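Trainee: First to last, the sequence lines map onto chains A and H. All residue numbers for the first sequence refer to my numbering, where the first residue is 1 and numbers rise by one. All residue numbers for the second sequence refer to my numbering, where the first residue is 1 and numbers rise by one.
There may be inaccurate statements among the hints.
Calculated lysine-lysine pairs in the DSBU-like style (CA-CA distance at most 30 Å, straight line) [unchecked claim]: (1) A:Lys-290 / H:Lys-192; (2) H:Lys-47 / H:Lys-4; (3) H:Lys-443 / H:Lys-409; (4) A:Lys-225 / H:Lys-504; (5) A:Lys-297 / H:Lys-4.
The calculated label-pair distances, taken between Cβ atoms and stated as ranges, are [said to hold, decoys possible]: (6) H:Lys-443 / A:Pro-148: 29 to 35 Å; (7) A:Gly-247 / H:Leu-16: 48 to 54 Å; (8) A:Asn-39 / H:Asp-310: 36 to 42 Å; (9) A:Pro-148 / H:Asn-2: 55 to 61 Å; (10) H:Ser-498 / A:Arg-201: 44 to 50 Å; (11) H:Lys-443 / A:Gln-114: 55 to 61 Å; (12) A:Leu-69 / H:Thr-342: 38 to 44 Å; (13) H:Ile-394 / A:Ile-149: 22 to 28 Å; (14) A:Asn-212 / H:Ser-379: 30 to 36 Å; (15) H:Ser-498 / A:Gln-156: 26 to 32 Å; (16) H:Ile-394 / A:Leu-69: 32 to 38 Å.
For the record, the hints were derived by calculation from the structure and aren't laboratory data. Predicted model, so just to flag it, every value in this text is computed and none were measured. Here a beta-carbon is modelled for each residue, glycine too, at the ideal position from N, C-alpha and C.
Take a look at the letters that make up each chain.
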Amino acid sequence: MIFANPAKLSKRGVLGMNMRNLDFVLAYNPRHLFPQVDNKLITKRLAEKAGIPVPKLYETIQFQHQIQLLPKLLENYEQFVVKPSKGSGGKGILVVLGKQSGHFIKTNGSMVSQKDLNRHVSNIVSGLYSLGGHIDTAMIEYYVNFSPIFKDISYQGVPDIRVLVFQGYPTMAMLRLPTRTSDGKANLHQGAVGVGIDIQRGTTLRGVYRNNPIENHPDTGKSFKDIPIPGWHDLLILASRCYEITGLGYMGIDIVLDSNHGPMILEMNARPGLAIQVANNSGLVPRLRKIEKMASKKLTIEQRVSFAEKNFSANFLK
Amino acid sequence: MNSKIQFYIIIFFLALIGLGLTFYKSIFFGFPLLPGQHEEVWIVEAKITFTAKGGPVKASFLIPSAAPGYAIQSEDFASTNYGFNKTKDEYGYRANWHARDLQGIQTLYYRVQFFGSIRLDSTLLEEEPKLDPLPFFAEPYQIAVDTLIEQTRNNSADTATFTVELLKSLNSPSRSQNVNLLLREHNTIESKTELFLKLLTRAKIPARIVRGLFLKDGIRNKPLSELIQVYDGSQWVFFNPLTGNSGLPKDFFIWQKGGKSLFDLIGGEDSNVTFSITRDLRTSQELATYRANSRDAKFIDFSIYSLPIDKQNALTLLLLVPIGALVVVIMNNLVGIPTSGTFMPILIAMSFKQTELIPGLCMFCIIIGAGLQIRSYLSHLNLLFVPRISAVVIVVILLMSCMSVFSFKLGIQHGLGITFFPMIILAWTIERLSIIWEEQGHKEALTQGGGSLLVACIAFLVMDNSIIEHLTFTFPELILVNLATILLIGNYTGYRLSELRRFKAMIKD
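If we strip away everything but chain A, and leave its shape as in the complex, we get:
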């Protein structure tokens, strides 16, 4: 059979796109709050105001004429990331690891001249990378020295942790690992690997690659199983706090682990994908319904996280 039996899927509590849109995105995410997560600059400012760790914003370039000031602005920074504030899918992100005789060194070791960098920023500002082509703002921010713990199971790029937060409760989580096919990006539909995380124990489960379960990383060949995520509880607290600052009920929160500063919020998503269920080999619906019943209790962040840790183990409704 090419198709799964819908009754069986429903029994496993698998969340479909129609239900996600109707019962969760439309019901819990007021449209006017979307810009808070779609615009990374607003997200960053909100997070900074609430004291949530984010990669530090160095500079913003909003107008073409500001570009001539770039060399002066970048003087003090050895490593940095240039990204569009409204970009999606990792498009338009330029990572600079160092400088050498007036040139910038990229992640893959190639050199970029000041002129090339200026043009890149100009493209961002003119909206080349923002979907819909609206004019945009270029952000220059702290380069995350990502923790080496996932080095063996990722191929270039930045691995991150996606936590699905529903009404402030961490609901499901996965580790997103770039592959050669995903071109260093951590988006699953671009070919990255997703690895489920047991919310209770903070260790990895199995992987999913192109909608199918996978045991080892397709490029490095290393197993995904049972890798503990350091500082898991704090990471969940961090994700849970994002609910208070954005007001969005149904969110995907992308967290990176910095070797110096610990977990940091990279971005948030108001329409998180459904592949997280395959990575965890578990349906979202029972967890979401369980949280819906709790919602009236108005628990604190700490209480919400311990509720999740207590309930959402890898064995939840198996």
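Since chain A is already given, all that's left is putting chain H on it; use the hints.
Mentor: Below, chain H alone, put in the same frame as chain A:
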């Protein structure tokens, strides 16, 4: 929860109104549910001949007005050398011919075309008639009449049975003495009917003669047949004087009701009226529209049929858009085929309706392919958004003109169809696809482009279906049903077909 109930009530009523109007139109006006249905139309020709005596001639012919069960579609009055007018009196319409000086055998034609309609017998609503003065018969007939009436009355219960009994005794082969005596004077069918009417009047039962035709294809030069109508105290009942059967026969077309003469002639003699009947077939659509108009149905007045033909044609295309929308909704939310741009497939499908499917598909692919090439070059130029999309629009128009000219020179007529493609939509499609191409790779772009094209093809095939085309045009109120369906799908939280495949791994172990 309350709003949910409200939602379903709205959906229910939308569907109810849509379906209700459809069935109303279908049943009461005979709008056909399937295309290409035909109904019979009857053409009756009355031929009037007489000999003119020389001098002014005035001829007046009773013509049918409202025959129950039939609707008149058209009339013709053919006669050379005559002045003609149509008048109306209390018995109905009359055709009047007049000429100043004529001699010899004259022929006048009246032709009427009509078709079956629902049976609304207006006589049911007629007021109670006044009884004619009692007729008297000369002796010995008077005694025979009174005895016959007395006997029949004893053998019957009410007006209807009385009539049947009387007809029986007149028609039975073993007639009584009295009947034989009376029939000796009235032995033709015509005068037998006359006698029968007289007898009924004598028995104080209001009765009248109704003349008309039994419709049958191929009848030539026949006079009108007769029926008797008897008032039973509450309504007029039909009786066939020859068979004694009651009720209006199925194929009987009433021409004349009551005693007013069929044909009056001044200045001529030896008049004779005969009828010929021909059957013909017309599309049900045409007849239904006629029927609805003749019934003065107000809501038909506000329908598409009241528009000029060219506007109607434009509307046919427009009315198909909701069907396309339904296809897109089903493909998106129930099947899960990704399309680039929600309504792009509908517009492409509408263009396919002008170009035909295969040539349309080829042209579409060529334009989009070439457009993507050029767009990828434009992206190297790092243009701002609005100038970039404008440049793509211009490139699309250039491509379209080139294709038209080339295909025309090569003698491929289909090439000209390219102008039916909405160019702005094409430009947008190119722009979107190229962004997807750059951001998410060629695979995603092909998936979405192919998905859009697939949905467009399906939408086209549905919109091109003759039954659906017919239904949307004949019953525009079905849009409400369509709307209800779309609203219902808008509330669907189940899985999409594609998700059953996507999440197959979830139930493997």
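Trainee: So, for every hint listed, does it hold in this structure?
Mentor: Now for the hints, and whether the structure bears them out:
Between the alpha carbons of Lys-290 of chain A and Lys-192 of chain H the distance comes to roughly 93 Å, so the proposed pair goes past 30 Å and is violated. A hinted pair counts as satisfied when its Cα atoms are at most 30 Å apart, and Lys-47 of chain H with Lys-4 of chain H does not qualify at roughly 69 Å. For the proposed pair Lys-443 of chain H and Lys-409 of chain H, the alpha carbon gap of about 36 Å is over 30 Å, so the pair is violated. Taken as a hint, the Lys-225 of chain A and Lys-504 of chain H pair is honoured in the structure, with Cα atoms around 22 Å apart against an allowance of 30 Å.
As the CA atoms of Lys-297 of chain A and Lys-4 of chain H are separated by approximately 26 Å, the hinted pair is consistent with the 30 Å bound. Under the hint 29 to 35 Å, the C-beta atoms of Lys-443 of chain H and Pro-148 of chain A, about 32 Å apart, fit the expected range. Checked against the hint of 48 to 54 Å, the pair Gly-247 of chain A and Leu-16 of chain H fails, with Cβ atoms roughly 41 Å apart. Under the hint 36 to 42 Å, the C-beta atoms of Asn-39 of chain A and Asp-310 of chain H, about 50 Å apart, miss the expected range.
With their beta carbons about 56 Å apart, Pro-148 of chain A and Asn-2 of chain H fall inside the hinted range of 55 to 61 Å. The hinted window of 44 to 50 Å between Ser-498 of chain H and Arg-201 of chain A is violated, with their beta carbons roughly 33 Å apart. Taken as a hint, the range 55 to 61 Å is violated for the pair Lys-443 of chain H and Gln-114 of chain A, whose Cβ atoms sit roughly 35 Å apart. Leu-69 of chain A and Thr-342 of chain H have their C-beta atoms about 42 Å apart, which keeps the hinted 38 to 44 Å range intact.
Look at Ile-394 of chain H against Ile-149 of chain A: about 53 Å separates their beta carbons, and that is not inside 22 to 28 Å. For the pair Asn-212 of chain A and Ser-379 of chain H, the beta carbons lie near 34 Å from each other, so the given range of 30 to 36 Å is met. The hinted range of 26 to 32 Å is satisfied by Ser-498 of chain H and Gln-156 of chain A, whose Cβ atoms lie roughly 31 Å apart. Remark: the range hint 32 to 38 Å for Ile-394 of chain H to Leu-69 of chain A is upheld by a beta-carbon distance near 36 Å.
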